[in-house]
Amino acid sequence: MDIQDIQGYGMFFLTIFLTVILYWYIIYLYRSEKKGERDFEKYGRIALDDSIGTPPVEDKIASERENTKEQIK
Amino acid sequence: MQSNAALEYDYTVAKMFTYVTILFGFLGMLVGTILALQLAFPELNYLIGEYGTFSRLRPVHTNTVIFGFTVSGVFATWYYFAQRVLKVSMAESRFLMILGKAHFWVYFIGALIATITLVFGISAGKEYAQYEWWIDIVIVIIWLMWGVSIFGIIGIRREKVLYVSIWYYLACFLGIAMLYLFNNMSIPTYFMTDGLGSINHSVSMYAGTNDALVQWWYGHNAVAFGFTVPIVGMIYYFLPKESGQAIYSYKLSLLSFWGLMFVYLWAGSHHLLWSTVPDWMQTMGSAFSIVLILPSWGSAINMLLTMKGEWNQLAENPLIKFMVIASTFYMLSTIEGPIQAIKSVNAIAHFTDWIPGHVHDGVLGWVVFMTMAALFHMAPRMWKREIYSKKLMGIQFWMQTTAVVLYFTSMWVAGITQGMMWRAVDEYGNLVYSFIDTVTVLHPYYVIRGVSGVLYLTGFILFAYNMYKTITAGRELTEEPQFKTPMA
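Heads up: the protein sequence lines correspond to chains A and B, in order. Residue numbering for the first sequence follows the working numbering, starting at 10 and increasing by one per position. Residue numbering for the second sequence follows the working numbering, starting at 18 and increasing by one per position.
Source of the hints: derived by calculation from the structure; they are not laboratory data. Hints may contain errors.
Claimed, not checked - Under the rule of at most 25 Å between Cα atoms (straight-line distance), these lysine-lysine pairs were calculated in the DSS-like manner:
(1) B:407 / A:69
(2) B:268 / B:177
(3) B:408 / B:338
(4) B:268 / A:78
(5) A:44 / B:177
(6) B:118 / B:401
(7) A:43 / B:177
(8) B:501 / A:51
(9) B:325 / B:501
(10) B:338 / B:32
(11) B:268 / B:325
(12) A:69 / B:177
(13) A:51 / B:177
(14) A:44 / B:338
(15) B:325 / A:51
(16) B:407 / B:32
(17) B:486 / B:407
(18) B:360 / B:408
(19) B:268 / A:43
(20) B:118 / A:51
Isolated chain B (complex conformation) (with noise of 0.2 Å):
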């Protein structure tokens, strides 16, 4: 490690993995948008055979959002961030460079060949884990890649203490290497049956209630240690970092981390309600789902307190905006999970469209806001450029959380009514609604929800020009921001 005066943040790899979260986030989102039109106008499933239909498709939308953009965001941020808050540049170490830019060639290369599969039609058949054995080992390594890269950066920092943010990506890390390990464990039947049947073939290592309890401690586990301790452990950083303000409370921000894991691992289990998992288990993951709000909301509302005698910032910079209703949109997707987990709201919402409407309300309201919000604040330090456009960005602001009150209203609506249809009986207990019934009934809200997509695509295309204003064509930065990032 040099000791060098004029020493700078290397952030190479913080921008490769920039635009690949650009791009698997305008891929995902554009598939997203026609799977929402498939399911208004069934006649879109028959465009390009079977690589377009609904079933094809579903899993190309849910893996490219959660393992393309998500994670790549999560990359870039990290190799970003981590180097300030730990005091130590990148460029000090060759081995670091050298990891930092293979972690991102095994991960770019080994996702286009993922998402290739999913199109082929190969697949594990497991929610969220659709990936056949031998990506599965892809990506082990593409993880192990970037744990030796966290751990080597912590082990050279020049700053004691880590920083609440890394504790985060920390926890995102071991997180999803246990989680991933566990729900992917299958059996190659190519090799247990001396080369009959397919290489791209495997069988889960769990069966019956056994899988579907490990399926959804890794799914919903996927979404905390995904979508949400990462995307908290960006608002830690970037939120005190563009309003100037620190945290409000710092001690707070440890206990909700301890707090969130400590419960989130137990909820998974409110997948499962009514079914045939132990009583007690269905119990336990209702009832941590209800203790849950604690943290999440002690996370959102130290955020929102960090702003406090600073709202003037929410006129000033859409930045703030952006960040300030990602941390809204965070309170009220962790209010809406654990209402849907009790007992007896689930044996409504199970199965129906409010299910897709409070994941989206979460992943469209704070995982992607908080992530554009993020590489906007990035880009002018990276590029040493100011932001391209400032009205773009506010049109875009708009657009999108519009799009986001269309999506989860619409879904809101149509779930409920589904849920109360499927349910209701008649004097003599016999079904009063076909299922055909409740289709015809919904059709006006799946057509609402095709809107909500090709607005909020509309919107991250504006997000994606912006980006590639500011990178080629922005005005040249003499020094760094330090706080507000700046923008025309």
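One chain only, chain A, in its complex shape (with noise of 0.2 Å):
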């Protein structure tokens, strides 16, 4: 077997690997948005809502705050 067959089957299981991930993801994010985890739909709002003055989405600050609060407990 030379390099450029050792290359070719290299190729053929990455493809492979990355195929099965990119399906992975795709129920992640079905699951978690039937599980009520996540709601991703939501994250189109961040277009329409960008003046200055409205809330984000998700708070970045807010959220740092509740996670720190959690590590402390």
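Assembly of the complex is requested from the two constituent chains, each provided in isolation within its own frame, with the hints serving as guidance.
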């Protein structure tokens, strides 16, 4: 088996691996929304409510504060 | 970072890049139109000696529209919308403001010098990578400045989630950084030969087939990460914002993003079908090109479905028209590309005029339309003035749409005619036509392309004029429009 064949087989298995990851991502997106863990569609509002005065869809600073509190507990 | 209720977004840097986008757009398209006319009327090659020949002007055209117009359009839109979707003003960080302005000036001066070097024939000789080694270093610095600016503003954001357009711009930054560095690896001969030869000369670090592979991995992915990814990012922000409709499916936008990232990088070898690269790699290039339809159409359909129930806006708002036709041309060029990448089709299409036809329905119909629409959307918000003329925008739209249709239809016919004539053999296996036979047959199509170039350029001049009048004489707005761009 020369280097070209090794490269070819390497590419084939890498493709399979990445395809599995991509399909897993689709399942993850829909499953997490079905379980109520995350609502991805609400992020579409970020483009619409983008004035500096409107509150963020998910506030970074508030979320960091929340995380810190949980860590302290 | 300040917390101030009266805070406003700062568009200083976005405005600077907007001016330059228009300038480079005009220059790049002017040179492109001259080139189209030169192909139809070869006497035009000799108007200004060596500086006006096709071979000298062609890299000026491609590099000015890619690294001048498109890249500055990407920068202008980035410095505009990133603040908005991250909910942070550039005015909140002195460092980011200074960096943004420095980024602009290094870019602008660098781009001018780089263009002049091409006019003087200083070229590394690789397609879309003609800049010599020392210009490449300046380009890397410019790109890094943008990178620091990107991650800097992301670092101080208030919105936790990165909107999907930010993902696309991040991919543009990372993708181009990787491609540009690898393909432009070269050895300056002056330093390697103890001062012999010109300082403006270098030799690629790759040779033969390897050089071709790296070149087309770069070339095709420059289209991916320069002409596709940031423009998809643009439409994901500007179409929902202009129409007041959230993206039809945010999940589909994420899926299309990862699909595009996964598939695009492997498709470049379709530029080397029937060449000396390994056969499996050619097949891979073809196969991945076909699969590429899925993520590309995923984004385009997502955009069209965003307009669901709101198609009346297409008739009422010329900006929606620009964006919807841009999305449609994106669909057209992303189905045409995979068809050309099928090995049997490629045997006819390769080296023919069908290829520039394909490129131009993508860039003129998709990249330029979307960039102009974005700048039109930004102008009233940045200068607080109404768009000067809706009527002019309508004229521009139809003029340029006609131009794109003339361009790609003439090149389809020319390309397929050319491909068939090159392959035609008689009963003894001899070629039926000589090269000049094809040139004679193709002349009318080259004239049509020249006319389409003049039309498109005229449309762009109307765009520039409308923008200029908006900035200087548009009716002043008292408050920022939420969705639909106001126009007189």
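**Item:** Restraint status (C-alpha distance of residue 501 (chain B) to residue 51 (chain A) at most 25 Å)
**Value:** 21 Å, holds
**Prompt:** Are residue 118 (chain B) and residue 401 (chain B) close enough, with their CA atoms no more than 25 Å apart?
**Reply:** Between residue 118 (chain B) and residue 401 (chain B) the Cα gap is close to 21 Å, so the pair holds against 25 Å.
**Message:** Does residue 325 (chain B) sit within 25 Å of residue 268 (chain B), going by the straight-line distance between their CA atoms?
**Reply:** The given pair, whose Cα atoms are some 17 Å apart, holds under the 25 Å limit.
**Message:** Against the 25 Å threshold, does the CA-CA distance of residue 268 (chain B) and residue 177 (chain B) hold or violate the hint?
**Reply:** Holds, at about 17 Å.
**Message:** For residue 44 (chain A) and residue 338 (chain B), compute the direct alpha-carbon distance and say whether it is at most 25 Å.
**Reply:** 39 Å, violated
**Item:** 25 Å limit on alpha-carbon distance, applied to hinted pair residue 44 (chain A) and residue 177 (chain B)
**Value:** Distance ~22 Å between residue 44 (chain A) and residue 177 (chain B) Cα, so the pair holds.
**Item:** Straight-line alpha-carbon gap residue 360 (chain B) to residue 408 (chain B), limit 25 Å
**Value:** 46 Å, violated
**Item:** Hinted pair residue 268 (chain B) and residue 78 (chain A), Cα distance within 25 Å
**Value:** Since the Cα atoms of residue 268 (chain B) and residue 78 (chain A) sit roughly 31 Å apart, the hinted pair is violated (cutoff 25 Å).
**Asked** Does residue 51 (chain A) pair with residue 177 (chain B) here, judged by a C-alpha cut-off of 25 Å?
**Response** Judged against 25 Å, a Cα distance of about 13 Å means the pair holds.
**Prompt:** When you check the alpha-carbon spacing of residue 69 (chain A) and residue 177 (chain B), does it fall within 25 Å?
**Reply:** Distance of about 4 Å is within 25 Å: holds.
**Asked** Are the Cα atoms of residue 268 (chain B) and residue 43 (chain A) separated by 25 Å or less?
**Response** Judged against 25 Å, a Cα distance of about 13 Å means the pair holds.
**Item:** Straight-line alpha-carbon gap residue 325 (chain B) to residue 501 (chain B), limit 25 Å
**Value:** Roughly 16 Å between the alpha carbons, so the hint for residue 325 (chain B) and residue 501 (chain B) holds.
Figure legend: structure checked against the earlier numbered hints; hints not met, in rising order: 1, 4, 14, 18, 20.
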